[in-house]
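J.: In order, the protein sequences belong to chains D and S. So that you can map any letter, position 97 of the first sequence is 97 in the numbering used here, and since no number is skipped, the others follow by simple counting. So that you can map any letter, position 94 of the second sequence is 94 in the numbering used here, and since no number is skipped, the others follow by simple counting.
By construction, these hints were calculated from the structure, which means they are not laboratory data. Glycine included, C-beta positions come from ideal geometry on N, C-alpha and C. Be aware that a few hints might be false.
As the list claims (entries may be wrong) - Chain S stretches covered by chain D per the calculated footprint, using a threshold of three residues with CB under 8 Å from any CB of chain D:
id	region
1	51 to 61
2	83 to 93
3	103 to 113
4	132 to 139
Listed here are the chains, written in short residue letters.
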Amino acid sequence: MCSISVNSITDEQLQMLEHSGDKNMIEKRLYEYAKEANIQNPSTLDLPKCHMSRMPGDLKDIRKVRIGRHRVYFTGYHTKCSYNVFYIKKFKKSGQNDEDNHQFQKILAASNCEPPMRIIETPKTRPRNR
Amino acid sequence: MTDYSKTIKSDASEPSKWEAIDDFLSLLKLATEANGKNIQIQEKVILAKYLYEANSYIGNQIILSKEYGFCPGLIDGAKNFIPLFSLIEVVDELIDYDRIIQELPGISYSQINGAISFLRKVAQFNIKNIDIDDTLDDELAANDSFLSELRKAFADKEDTRVLNFG
Numbered sequence: 001m002c003s004i005s006v007n008s009i010t011d012e013q014l015q016m017l018e019h020s021g022d023k024n025m026i027e028k029r030l031y032e033y034a035k036e037a038n039i040q041n042p043s044t045l046d047l048p049k050c051h052m053s054r055m056p057g058d059l060k061d062i063r064k065v066r067i068g069r070h071r072v073y074f075t076g077y078h079t080k081c082s083y084n085v086f087y088i089k090k091f092k093k094s095g096q097n098d099e100d101n102h103q104f105q106k107i108l109a110a111s112n113c114e115p116p117m118r119i120i121e122t123p124k125t126r127p128r129n130r
Numbered sequence: 001m002t003d004y005s006k007t008i009k010s011d012a013s014e015p016s017k018w019e020a021i022d023d024f025l026s027l028l029k030l031a032t033e034a035n036g037k038n039i040q041i042q043e044k045v046i047l048a049k050y051l052y053e054a055n056s057y058i059g060n061q062i063i064l065s066k067e068y069g070f071c072p073g074l075i076d077g078a079k080n081f082i083p084l085f086s087l088i089e090v091v092d093e094l095i096d097y098d099r100i101i102q103e104l105p106g107i108s109y110s111q112i113n114g115a116i117s118f119l120r121k122v123a124q125f126n127i128k129n130i131d132i133d134d135t136l137d138d139e140l141a142a143n144d145s146f147l148s149e150l151r152k153a154f155a156d157k158e159d160t161r162v163l164n165f166g
């Protein structure tokens, strides 16, 4: 069983989610994921889907797990048997669509509907020996 | 005026055996790529057909619109498109994993999360070859105010609390 801790910033963010019941849900899931891991066995928190290769260099090692519509950012590995949560990107409940939905609509609707294609060309012959 | 054609002609020689092999290999590479692309398109068509038939089966309540690259979704009362993967995220937020484990003893939190993540990813199907998660991550990675907030939080190494439900 590995341990998981939250820093003061995350703690504040979790307090803000208390009224909706999401605080308990997020904490319980993080706790259970860490509990399922040990030095030999990884858990959800160690999966490749959590890696964030697209982040800038100084943030390359951070990872992210989705819990519902919230995104939880953390560090640590099962091999060290310890995880540290440092930030939660909370979903803003506006009563309407997720902010991602609007981004998503923009992304999909803006691009060309046809799948990308490439015309096959005959290979260019290299210049002959001179 | 210099007649370059003469110089070129005298310098040129017949294509060597190795160049012919080079050309053949390039052609073979292109043919393999084209074949791979063809298989990819065929797989997409098979999956799209499956989604279409599943939708017919449930009475066409899911929208498979060309505008959104046939990414499955719903249209709400205000005519907004709600992608199916967003609905799955809401479901994940609302379900109680402990209740699921009571019904299916022996499965773990990670397995439930894996199953939900799988459904969410399948629901991101689209024929535009867009990886929605990657695209959203790219947008976040380019958002300076988010990155500065993230850096500030990352620098806060003060552990205030170890989570414990034991």
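J.: Hints first: check each against the structure and report whether it holds.
T.: Status of each hint after checking the structure:
no., hint, result
1, 51 to 61, "violated (count 0)"
2, 83 to 93, "holds (count 6)"
3, 103 to 113, "holds (count 4)"
4, 132 to 139, "holds (count 7)"
Against the hints set out earlier in the document, a violation occurs for number 1 only.
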